[in-house]
Structure formats: structure tokens, C-alpha cells
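Starting from the known structure of chain A, arrange chain B on it as the hints suggest.
Number of protein chains: 2
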Amino acid sequence: MDDLWYSEYHAPTVRFSIKVNSQLYHEKSDYQAISVFDSAEFGRFLTLDGIMMLTERDEFIYHEMITHPEIAVNPEIKNVLVIGAGDGGVARELIKYKQIEQIDVVEIDERVVEVCKQYLQKTASGFDDSRVQLHFQDGLKFVRRKENAYDLIIVDSTDPFGPGEVLFTKEFYGSCFNALTENGILVNQHESSFYKGDAKEMQAAHRCNAQIFPVSRLYQAHIPTYPSGHWLFGFSSKGLDPIKDFKPDYWNSFGITTHYYNTPLHLGAFALPNYIKELLADEK
Amino acid sequence: MDDLWYSEYHAPTVRFSIKVNSQLYHEKSDYQAISVFDSAEFGRFLTLDGIMMLTERDEFIYHEMITHPEIAVNPEIKNVLVIGAGDGGVARELIKYKQIEQIDVVEIDERVVEVCKQYLQKTASGFDDSRVQLHFQDGLKFVRRKENAYDLIIVDSTDPFGPGEVLFTKEFYGSCFNALTENGILVNQHESSFYKGDAKEMQAAHRCNAQIFPVSRLYQAHIPTYPSGHWLFGFSSKGLDPIKDFKPDYWNSFGITTHYYNTPLHLGAFALPNYIKELLADEK
Numbered sequence: 079m080d081d082l083w084y085s086e087y088h089a090p091t092v093r094f095s096i097k098v099n100s101q102l103y104h105e106k107s108d109y110q111a112i113s114v115f116d117s118a119e120f121g122r123f124l125t126l127d128g129i130m131m132l133t134e135r136d137e138f139i140y141h142e143m144i145t146h147p148e149i150a151v152n153p154e155i156k157n158v159l160v161i162g163a164g165d166g167g168v169a170r171e172l173i174k175y176k177q178i179e180q181i182d183v184v185e186i187d188e189r190v191v192e193v194c195k196q197y198l199q200k201t202a203s204g205f206d207d208s209r210v211q212l213h214f215q216d217g218l219k220f221v222r223r224k225e226n227a228y229d230l231i232i233v234d235s236t237d238p239f240g241p242g243e244v245l246f247t248k249e250f251y252g253s254c255f256n257a258l259t260e261n262g263i264l265v266n267q268h269e270s271s272f273y274k275g276d277a278k279e280m281q282a283a284h285r286c287n288a289q290i291f292p293v294s295r296l297y298q299a300h301i302p303t304y305p306s307g308h309w310l311f312g313f314s315s316k317g318l319d320p321i322k323d324f325k326p327d328y329w330n331s332f333g334i335t336t337h338y339y340n341t342p343l344h345l346g347a348f349a350l351p352n353y354i355k356e357l358l359a360d361e362k
Numbered sequence: 079m080d081d082l083w084y085s086e087y088h089a090p091t092v093r094f095s096i097k098v099n100s101q102l103y104h105e106k107s108d109y110q111a112i113s114v115f116d117s118a119e120f121g122r123f124l125t126l127d128g129i130m131m132l133t134e135r136d137e138f139i140y141h142e143m144i145t146h147p148e149i150a151v152n153p154e155i156k157n158v159l160v161i162g163a164g165d166g167g168v169a170r171e172l173i174k175y176k177q178i179e180q181i182d183v184v185e186i187d188e189r190v191v192e193v194c195k196q197y198l199q200k201t202a203s204g205f206d207d208s209r210v211q212l213h214f215q216d217g218l219k220f221v222r223r224k225e226n227a228y229d230l231i232i233v234d235s236t237d238p239f240g241p242g243e244v245l246f247t248k249e250f251y252g253s254c255f256n257a258l259t260e261n262g263i264l265v266n267q268h269e270s271s272f273y274k275g276d277a278k279e280m281q282a283a284h285r286c287n288a289q290i291f292p293v294s295r296l297y298q299a300h301i302p303t304y305p306s307g308h309w310l311f312g313f314s315s316k317g318l319d320p321i322k323d324f325k326p327d328y329w330n331s332f333g334i335t336t337h338y339y340n341t342p343l344h345l346g347a348f349a350l351p352n353y354i355k356e357l358l359a360d361e362k
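Chains as they are written, first to last, in the numbering used here: chain A, 79 to 362; chain B, 79 to 362.
Which copy is meant is left open, because identical chains are indistinguishable; a pair holds if it fits in one copy or across any two.
Taking lysine-lysine pairs in the BS3-like style, the calculated list, with each CA pair at most 27 Å apart, reads:
#: 1; residue 1: Lys200; residue 2: Lys355
#: 2; residue 1: Lys200; residue 2: Lys156
#: 3; residue 1: Lys278; residue 2: Lys97
#: 4; residue 1: Lys174; residue 2: Lys355
#: 5; residue 1: Lys219; residue 2: Lys195
#: 6; residue 1: Lys355; residue 2: Lys325
#: 7; residue 1: Lys200; residue 2: Lys274
Think of the hints as simulated: they come from the structure by calculation, not from any bench.
Next comes chain A alone, as it looks inside the complex:
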């Protein structure tokens, strides 16, 4: 077998490498370079512009943690907007809930969806539900036209450069605020706090959220294939608090099967280490 390695720089002098069996697919779409690899340890994995998006082995952690905590705070969510997420993983988690009526997925790059449908069926299965509507558009343009329309907006963006950059601007978050209903919640992937470059992005994203939303809190998960393995998510809302309004019994009554998330862990996810709290305090 070829001695073939996929490598990613988690910091300028830190490299994470996965031995791959083969590159299953590669193209340059109108927006980005899309690749799918096959590996022994992580199964298949998707990269965009040379950055790891998901692996079959650990994508459940990211997709569960960007979905279930929010629904456990407002279990009556009916209308959901998902921005990015062309792999289908977020939609797959959402369709587990019977009470959800509408799931709009806005992905700028149709090719990502097509490639995932062909090579990553475990996540792309999220699109196999009549409540899921795919919109191949720019996320900012889509959300700008919406008002009081969604109970939950999930921003499953790439990193804050390239096609995902607009999803880290104040204008975008302001438009999301307007698109949300009174009890609305916004969750966005929030980079990591460990390596300096990531920590700056994390601080900037938090600053944007905190300026626009009355409630803005970070929470964490252990995601082995993302830089440092310590990944953050932002929970922002018009009023609902991720701890005070948390409804564990209601959520548990749904009987949803998860492999990472559970209701005791919900509270733990919001309990951040001191060094991250200090990074956030520096922003105020």
C-alpha cells in the first residue's frame, strides 16, 4: 500500500497526520477544494481547502453537540435554519425530533452536498426527510430576508476565512437575530481556545455574539480530529438561558439515542476552564 499521509497544521509548528488508504475523491468547485479520503482509524473523512471537516469516526460528537443542547433548552422548537452543514450531519440529528416541522439547510456549495451524498452516506442521510429543504445560496443573503421565522439557527460554518468568512461578521449575526422568533436560539461553531490563532477567532466570534444577543454563552466538547481536541460552541439567545432554562426531563422524555450528549454532560459542557474564562474576560 502507498505510504500516503494527510497532514494538517493545527498551528504553524504543530502537525496532525492521518495515514490514508486512498483519496476517494477530489475536485475544485466554484468555492473550494473538496476531498474525501479513506483511512483505517477514522474511516472516510471530508476536507475543504485542506481543512478537516468531518471523519466518520468522530463526527457524531460535533453534530450532536451543535444540536441537542439547544433543543434541551427549548424542546418546542419547530422551525430550524441550518447554515452550512452541506454534509447533512446536523439535519440527521434534527430529524430525530418529531415536533420539528421545517428544516431549511442553506449551503453555498451544491457540490459539497453531492459529494457527501455519494461518499458520506452516514451524514448525508440527514437529507432523506421531507421536512428538510436544501437551498444552495449564500447564508447571509438568505437570512437577511427572514424575520421572526425560526426558533433555532444553527451555524455550522467552516473556519472564518474563504467562503465561511461572512458567517463570522456582525452583520450576519444581526440578521440572524432578526430572523429568530421571540424564544429564538442561535448556535455557532466557535473554533478552539488553545492555539493562538484559533483563540483569536474564538474571541472575535464571541464579541460579535455578545454585542447582539442578550444571552451569549460558550460550551465545549472533546473532538479528537479538531485542533487541540477542545472545541467550542456559542449558545446565543434572545432570553433563554442554557442552564436556567434547561429541561433535562423533557428532553429525556423524547428517548433520542445519542453517543456523546446526555443531560448531565449538558451542564458540564458549559463549565469552562479558568484559562478560557480569562480569554473571554479580556474581550469585555
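For chain B alone, coordinates are given in the frame of chain A:
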């Protein structure tokens, strides 16, 4: 500058690499190969037999999390036995507590202590306290002779092969049980749960603990330079429960400065993801 990289295999097909400025020190002691490197991202770091032990940048997470949670459960701990920990990091955390009277550090390899005193003064500073007694002995032989002597035993071992192997046996944990006082707590580093090899060690260590101690619980921390970044610790005791007997106000009254640990995070650390709970259930 030389294009010099330190690499470690976190799994047979997964490699983590750090660009190093230089190798500051290397020797083969009677027990193991000892190296110290200097790097831009992590500062200096220590390896034993080619395995990462600590970096200046993130060692605080490991050393805080193997010390403070136990003292927050029994804030009246006076006599502590530390096994391994030749770098001094555990002792550095322990000497922050005025009420601790005696800290015996049992390290099999005197050379580790000498090298750390010379190159890793930030951790080796833990030895600069008259309550700390160093014993250059085999941990099992030392603990076997003790009875009802320690309120806390901290097992800061290397991985379960080579000189650290004996610290993962049932005989060793049984001797620790006898060496502990009535309210005694044992904490040990417990490997990780993500990569298959690590997960097997984690299951084996938990099985040993659970057979000997009435209370045996796992908790977690985000440690970027350890495999998967998701590291586990084992809290075992003769009766004290890490949640029910947790005394956050008492611990906070000490005014100890920490950069990772805090009392809300204590509860979160014990809230494990479902997939880890399933791995532990498989053991029963």
C-alpha cells in the same frame, strides 16, 4: 534553523508532530530514554521512551486535574503519597495547601528528577518545599510496606508498559487500598477512551480499581498534547463520593489560584459522554 520534528504515534496510523528548535537533553537512564526538547508552540517538553510526558504550555491542565478535585472532596487531607511524578508538577500543586503536612514522592528513576530540576524548573519547583520527601524506589515496593498512612495517593504513572506497567496491576491497587486511611482517596491517570489501544488500557485500569474500591469513578479533562486530547483520571475511594461529598465552598475558601480547574468544572469533569459510559459498562 533545522527542520526538526518530534513525532508521536497516537494510534498506528495517526501521528502528532511538533516542530522543535532543538533537543536540549538526551540520555538513556537505567530505566528509560529521557529527552527534553524546546519548541515554539509548547515551550520545553519532556519525553520518556519517545512518549510525551509534559509540555510547559499545557502541563497545568494535567497537574491541576490530578490534584485539586480530590482535595475539593476531602479538604482536610494531610498526608499524601505521590507515585511517579518525577517532574515535580503534582508536588507543585500540593504545596499550595497549607493544611498538607507530608508529601512523599516515590519516583523509580532519579535521573528524571535531576533532568527536570535542570531543564523544567517550572514543574520541578514543586520539590522546593520541606514537606516534600523524595524516595527513589519502586512504587509497588514502597506502598506495600505502608498501612493506614495516607489520606490521598496520586498515581502519576507513565503508560502501562515499561517501568510504569506495575502501576496498573491489581496487586498495586490492593496495596494502595491498605496504605490509605479510612477516608482515603486514590487518583490515577487513566489513559484515554478514544483510540482503541488506549481505550483497552482505560477499561483494564477501571476494572482493577472497581474490584478493589467501593467507590470508583472516572473523570475527564481536555489535554491537547495527549492522544485525542480527551484524557481520563480515576477517582477511587473507601467511601467518599466525588459528587455527593464535594465541598466547593470549603475548597474555594482556600483561595488557590488555578488556570484550568474550578468548582463548577469539577461536576462537569465527572459527566462523561455516552460512548465512554458504554465502554465502562462493557467491563461489568
